[in-house]
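Trainee: Just need the whole structure built from these sequences, with the hints factored in.
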Amino acid sequence: MINEKQYLTQLSEEMVEGAKYAVLPGDPKRAKDLAFMLDPNAKFLAFNRQHGSYLADIQGCKVLIVSTGMGCPAISATTVELHKLGLQFFIRLGTSGTIREEIELGDICFTRAAIKLDGISREYIEEGFPAVASFSLTESFIKGAKSENIPCHLGLTASSDTFWPGQERHDNYSGYLIKELQGAMAEWQALNVANFEMEASALLALATVLDVKAACFCGIIAKRTASEVPSHEGKRLAQLHWEKTLKAGLIVDMKKRGFIK
Amino acid sequence: MKKAEVNEVLYHIGFSTEMIEHAEYAILLDDIKYVERLAKSIDKNAKFVAENREYLSYLVEINGEKVVIVSTGFGAPPLGIGIEEMAMVGLKKYIRLGEAGAIQYNLNVGDIIVSKGSIRKEGTSRHYAPMNYPAAASFELTQAIRAAAEEIKMEHRVGITATVDTLWPVANANNLFDRINAEKYDETLTKWRKEKILCVDNAISALFTMCNVFGLESAAILDIVLRNFDDRDVINGISYSEEERIAKWSKLVPLALTKYMQMWG
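Each protein sequence line maps, in turn, to chains A and B.
Residues 1 to 261 (this note's numbering) are what the first sequence spells out, left to right.
Residues 1001 to 1265 (this note's numbering) are what the second sequence spells out, left to right.
Worth double-checking, as some hints may not be accurate.
Claimed, not checked - Below 25 Å or equal to it, Euclidean Cα-Cα: the simulated BS3-like pairs (lysine-lysine) are:
1. A:K223 x B:K1003
2. B:K1002 x A:K223
3. B:K1002 x A:K179
4. A:K43 x B:K1033
5. B:K1184 x A:K29
6. B:K1033 x A:K29
Stated by the list, open to error - Chain A is nowhere near these chain B residues, computed Cβ spacing over 12 Å in every case:
7. D1111
8. A1147
9. R1157
10. R1245
11. I1246
12. L1255
To be verified - Computed footprint of chain A on chain B, listed as stretches where at least three residues anywhere in the stretch have a Cβ under 8 Å from a Cβ of chain A:
13. 1034–1047
14. 1091–1100
15. 1138–1144
Don't read these hints as lab results, they were simulated from the structure.
Since we're looking at a predicted model, the values are computed, not measured.
Backbone N, C-alpha and C define an ideal beta-carbon position, used for all residues, glycine too.
Mentor: Structure (structure tokens):
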């Protein structure tokens, strides 16, 4: 049914107007900012739970922006709903901490593939199933970022179901990490991981299962080799960079696929 | 244990110890839309505290004690982040109000389940304790909830539940993603049914595990919103009265907290 609303997002097929692109930030405020950045006449669609939804128009091509809330369960449930409404290209955009010295605050970090430190991917795929981004979609956003001279990197991302222990932050309430996670950051560094965040693995693996395309890029707001705490200056710069990357990348991708001229 | 400065506003939850007036009790909800209504039906002088991302908070008074009502969003990861920060601002006792899908055939929509422990089938609690560590509720808080429910003659069941990262396992899959998992889910549900597991939710095993690790107390009251075996489109067909739910919670929870304060506080 074209007007049947999905349980969590409260969106229907009718409301998304045939949009193929879904931009997925975590924060509802960020969803609003991104929508109006892409299109000053963006349309507000719905607000339910942590999902704020907006529809933007880029040269006649519709882009749906929906905040997922934090974590792999939330981005999975959102993606399953949007897939039912016909969305085909999923772009997760968020904040992240890097564990590599050469990546700076404010830089954009693209995920080529993700380490599954989450629970939900255990539910539908085996442990060795790789969570890999759509290379064609990712390529468009790298081109977009480069055309805007944004400092960017491409690498492996560790997606954790927790903000503290799974990302080896020691400044949590108890100050204790279970043995299995002590020294995890050094191990991920040695295994060539670039950054930590909380959603990529679920989105990328799910996209393969659903046969849709997904990409993920994050603005770096913490240099974990130096600090456990997010930086405000880093966040300001990161926002500027992901906004430019998103807009330029969407246009590159839409042209590549023939949606716009 | 880490304690935040009294005026330190924490990054995700957006409030400080000062802003919640040194409260030690919290009522946790998943859905942001119930926070204000529940707060005002418990205490007409309820005060807005903060809103950031999925975390909306109000401060109420129950039996002379300050109690914060906070939404923590969908699933265990944002609940886990919330618990870390709420613990840092001094909150020590948590009652979670949530939704669940029934596993046992004799449960119906609207039934109340008090969970005394939950199967850990989510990813968050794995980062806090090995898998043989129990996601068990606080004895004291749970007994206070039972005593309150008995006093107002509110029917309820106490037992073991399960917590998962997916939306509730779907018995009659009717879309691509659910279909891929349908067989496995069906097996799991049948097994859990035999093991007397009552219902399945998205958060509480992470809450119970973390509170046990941190030496804090938590309990959960779950509302059955669907039956995981009815022959219909399970998720989108959910129907319940929001009015009834708020009325039920605002009757049961303040009385349970009052009883807790009298017995153990």
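Trainee: When the structure is checked against the list of hints, which entries are broken? Sort them ascending.
Mentor: 5, 13, 14, 15
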